[in-house]
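S.K.: Given next are the chains, with one letter for each unit.
There are 4 protein chains.
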Amino acid sequence: MKAAILGATSYGSRELIKWLLRHPAGVKLSYLGSRQEGMKVSDVFPVFEGVLDVAYQPHDPDAVPEDTDVVFLTLPHTVPMECVPRLLERGFRVIDFSGDYRLRNVDVYEKHYKHGHTDPANIEEAVYGLPEFFADEIAKAQLVANPGCYPTAAILSIAPLAKHGLIEMDSIIVDAKSGVSGAGNKPKPDYHFPHCNESVHAYKVGAHQHEPEIAQYLGDLAGAEANVLFVPHLIPMDRGIFSTAYANLKKAVDEEELRSLVTEFYENAPFIRVKQGENLPRTKDTIDTNFCDIGVRVVGQRAVVVACLDNLAKGMATQAIQNMNIMFGLKQTDGLV
Amino acid sequence: MKAAILGATSYGSRELIKWLLRHPAGVKLSYLGSRQEGMKVSDVFPVFEGVLDVAYQPHDPDAVPEDTDVVFLTLPHTVPMECVPRLLERGFRVIDFSGDYRLRNVDVYEKHYKHGHTDPANIEEAVYGLPEFFADEIAKAQLVANPGCYPTAAILSIAPLAKHGLIEMDSIIVDAKSGVSGAGNKPKPDYHFPHCNESVHAYKVGAHQHEPEIAQYLGDLAGAEANVLFVPHLIPMDRGIFSTAYANLKKAVDEEELRSLVTEFYENAPFIRVKQGENLPRTKDTIDTNFCDIGVRVVGQRAVVVACLDNLAKGMATQAIQNMNIMFGLKQTDGLV
Amino acid sequence: MKAAILGATSYGSRELIKWLLRHPAGVKLSYLGSRQEGMKVSDVFPVFEGVLDVAYQPHDPDAVPEDTDVVFLTLPHTVPMECVPRLLERGFRVIDFSGDYRLRNVDVYEKHYKHGHTDPANIEEAVYGLPEFFADEIAKAQLVANPGCYPTAAILSIAPLAKHGLIEMDSIIVDAKSGVSGAGNKPKPDYHFPHCNESVHAYKVGAHQHEPEIAQYLGDLAGAEANVLFVPHLIPMDRGIFSTAYANLKKAVDEEELRSLVTEFYENAPFIRVKQGENLPRTKDTIDTNFCDIGVRVVGQRAVVVACLDNLAKGMATQAIQNMNIMFGLKQTDGLV
Amino acid sequence: MKAAILGATSYGSRELIKWLLRHPAGVKLSYLGSRQEGMKVSDVFPVFEGVLDVAYQPHDPDAVPEDTDVVFLTLPHTVPMECVPRLLERGFRVIDFSGDYRLRNVDVYEKHYKHGHTDPANIEEAVYGLPEFFADEIAKAQLVANPGCYPTAAILSIAPLAKHGLIEMDSIIVDAKSGVSGAGNKPKPDYHFPHCNESVHAYKVGAHQHEPEIAQYLGDLAGAEANVLFVPHLIPMDRGIFSTAYANLKKAVDEEELRSLVTEFYENAPFIRVKQGENLPRTKDTIDTNFCDIGVRVVGQRAVVVACLDNLAKGMATQAIQNMNIMFGLKQTDGLV
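Chains as they are written, first to last, in our numbering: chain A, 1 to 337; chain B, 1001 to 1337; chain C, 2001 to 2337; chain D, 3001 to 3337.
What the hints contain is simulated information worked out from the structure, not anything from laboratory work. Not one of these hints is a red herring.
Straight line, CA to CA, 25 Å or less: simulated DSS-like cross-link-like pairs of lysine-lysine:
{"no.": "1", "chain 1": "C", "residue 1": "Lys-2028", "chain 2": "A", "residue 2": "Lys-331"}
{"no.": "2", "chain 1": "C", "residue 1": "Lys-2250", "chain 2": "D", "residue 2": "Lys-3251"}
{"no.": "3", "chain 1": "D", "residue 1": "Lys-3028", "chain 2": "D", "residue 2": "Lys-3140"}
{"no.": "4", "chain 1": "C", "residue 1": "Lys-2188", "chain 2": "B", "residue 2": "Lys-1204"}
{"no.": "5", "chain 1": "A", "residue 1": "Lys-40", "chain 2": "D", "residue 2": "Lys-3204"}
{"no.": "6", "chain 1": "A", "residue 1": "Lys-188", "chain 2": "B", "residue 2": "Lys-1275"}
{"no.": "7", "chain 1": "B", "residue 1": "Lys-1250", "chain 2": "A", "residue 2": "Lys-204"}
{"no.": "8", "chain 1": "B", "residue 1": "Lys-1204", "chain 2": "C", "residue 2": "Lys-2040"}
{"no.": "9", "chain 1": "D", "residue 1": "Lys-3111", "chain 2": "D", "residue 2": "Lys-3188"}
{"no.": "10", "chain 1": "A", "residue 1": "Lys-204", "chain 2": "D", "residue 2": "Lys-3040"}
{"no.": "11", "chain 1": "C", "residue 1": "Lys-2204", "chain 2": "D", "residue 2": "Lys-3275"}
{"no.": "12", "chain 1": "A", "residue 1": "Lys-275", "chain 2": "B", "residue 2": "Lys-1204"}
{"no.": "13", "chain 1": "C", "residue 1": "Lys-2275", "chain 2": "D", "residue 2": "Lys-3204"}
{"no.": "14", "chain 1": "D", "residue 1": "Lys-3331", "chain 2": "D", "residue 2": "Lys-3028"}
{"no.": "15", "chain 1": "B", "residue 1": "Lys-1040", "chain 2": "C", "residue 2": "Lys-2188"}
Make the full structure from the sequences, and use the hints.
M.R.: So, in structure tokens, the structure goes:
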């Protein structure tokens, strides 16, 4: 199998490369495109010295070799929409890490990403790459919109309750905590070590671009509009997302019953682990894995469902590989456990 | 002025000592009691070597010198109730850091602290040491129940809305994030560096002993029963609490108006800083200060009020000194800015 | 292939299990012994839930199944010497993570490990598991003494200079910095998060049990007694060792020449990466890999050679797998890149 | 007393302001100059909101008010030499945080700071602000060159041995470890949280601008040329420097004797704490204090002397206040304990 990556200098692409090199299908990297062309991959990621001693090629979608099977786009939001039409035309199957093809409503996209959308046609073609719900569509998709890290955690945690109609869909609050790698690799004052170390803060309260993504897919699952309040926080750690979701139960539910329901809901999902009894998940147990760990509590008339995952793995790179596995008829778990 | 400390080996007492030594009233430490009697203070806290070269005295409330003005109890929950009656009888004014005298309802105490209460009589005498609301009572109190770190942040953030009757008192959710010093200085697996570093998790979901403390005082302020869901999380940092409170607004409120209301509410509170405009607080800006920083957002029909403070300062030691200042007719800010 | 692990609850065994499960030779875990028998592996290491759902078996060397190919001992120092004789007698090949079989001189062992040695006979049989130097002996060994984390970094960095006779063997200083996982998984005051976070200190100055290990093997390589001063420091991070070695050059050497010499020295060592030009290594680029990265500087008449690696990988678990590969005729790099 | 600060947006000036505001001499900040003029101090340092609600004034040495007693320069290297002549002419006493006036030899300065020196005349007037050695000169100085953070730790640790002629002055190695705030507040790739967190590396090996500063003053103390090899490392923590110094002893010295000698050497130095017996210092015990903690070991024919301090306090801002105290006839410890 041959895979290309455009935008191959991001943290997400570093993880993608690491996991692809390990993949039992013998994935070959046919093209690593970047605006930092000419630099060696190991100059940007010294961890790959002696492992992948090649140089970046230009950031040029048209230069992706014809015999490439899958193209991963690990580019900043708004860049993929320039590349995707040309890649799809040439017949490539594409997995896009950005938000460009996740939202059905172009207006919502433009409002949250503060940028016009130049490829609305392909939004409809795109399949949301959350394999726990859309595996059949992913298998046939030419374009997969790989989910955001926050939405992966939030949707997976609330989905069973939404789908079973147990919660009031306008009562959902997601209070999320993320490690700093989620902000990318570009130095900025907010991510300067002496500034963000030993500190916590909230940002983009009720205004983060992942909020409509969560609402859209939870709404789909519930068959009803979802009103989600999403509040992200920055945590002084490299990786990991912890999502604490709150929702009002329509009627009293026993905690143990709710936990069983969530457990059964994910019975066939190899990467979802529902904690039993008193146990609650910790981000650390999911780092560098494709697992999303879920914990369930009922407090009075409210459900509290926590979920955690590695923002660069199940929240990004390994989820993309899970999608690739499905698209190419491999076992979902290939190269991921 | 002469101050005694019982339980003087905790992190809270370390901070208390540091700030007392700096106090312009020239506070003398008349007694430092501990079960580690005989050890030097600087053996436990090397930071005090050359600053406070004395040894601990026994943990014995009866040995507190007669001429002591104020006794701080920085003891584990359930120990203060053994000491307080004897100290009050001897006429000392007492500031207790534990939860023993914060809850009016003995049953609620016994349920949450899993321990019988042997001194219910003095619960009624105790004044809750949140100076922003109870300064007059604190001034006259013989026994001050110094608030918990989480409740200080949560109550201060929600109080203006509760007091003004703007929110549904059964809709309050407090999602809090705390540094590890909040768990005390005793090594346990959960606080072992390679275990809790680079990780986040929730604990005691809807079952933390600070939940009824928050509900009781918010209910008092609102003149209505408060139903609070409190979910604490452990964050890999030494100090700091970030509290994110959610509540349904009874009717639509403009964000700027709400912010003005909160700002005015704390007009005369020297240690509350309400962030204006787009600004939101960060724990780091409150560390080693007695400030509680507050940020206000309105999202749809919900208010989101965030607050942060140093769990060992405004959440504990400096708040105690603020109480001491008030009790002894000093300026509230003496030794604290 | 079948592998057993005794002492399978340590951080080292967690990493060992992770890498063995991924190994292309299809390594089966035939026995996971622990004094915490009965507990599930995923109770101790939740990261393995859904991956390895088995319970620990008793800590009993005699219970290791007959058809096991290799037994890994991830036990505390002094325990392996009780197990090794019985395991060797039964014909197993053994890779021991402890210091029990690394030092030729029993007196030196007893002095540094503060414990009598009950199996001196097998010390002579043991091969030191540093594949860069002893691959041929490892291939034939029944008992491999897997090196310590500090010595792996220190020896690998200084070896080329020692072997080429470039440095004064009594001038070697190794100033090493280690993440906290090197101290094991048992909570102690020194490793309590609020105590060791945001702090650095030196410990066991010139008295660490790894000092004679470094000296012994460097002496062997140089064919002359080595006098090494070893000073370890604890760093607030989970994993990683950074070793800064200083030695007096016997005669002036050009830095570029010395770098070339070190580079050539490791030409056939797939896991040693010698940084070229101005580049110096960082621990982070070696974490979760079997690489040891080396940097070379000449300052006046002194050589400064830095090395870094993951204390739980090349400093422990993956080095053990590299040894296993060699012992069983596999490619050294199998399952490790 | 009136103090001005030029360059008042650096981490060092934040600490300086904090300690000055607390100073018992009632220090008034007469001028806070910065190129970020017009911004409020609390915009740059939110910790000062409600404490110091003023705006920055222009970066203009000539605008410093006439009645200012002392001018602190917390500017980047090479900027002070433009301001100092004008400030001295106007009669101000100046404490400069930069390296501009620390090195006697202009060539050495120009080589290490890669910048011509435009004010060599005043280098000779400047007194090195290490109060443990130069208190008399500081008392009379118009220009004090406040020492670098690394040199403060290194010189203080080695000085007693150098002064007593116990060590070979060409054998000194200083292996230092610093928190990230030492690198300043400007975001760069090396200090981007996900890059430098959980990692250690060495930098500027034998080429750091603090090396000649250490050598010059140790040489002075010994009355002999000092050859110092200085190797700094970056540690994932906010603050703190740990310096591990190695030197060959001219003749055998008993460790306890050496410790007594160092202890006596600093008998009258209120901010030096020499650890006794088995104790060794930790950076954390010096953070936010003006203390430098020292530990002494003898291993064979070598002395190992470790020292730690807060790079922003004794390594910068509080040392400057200690100097100010001395310059203005105050008690050395005023406002510092």
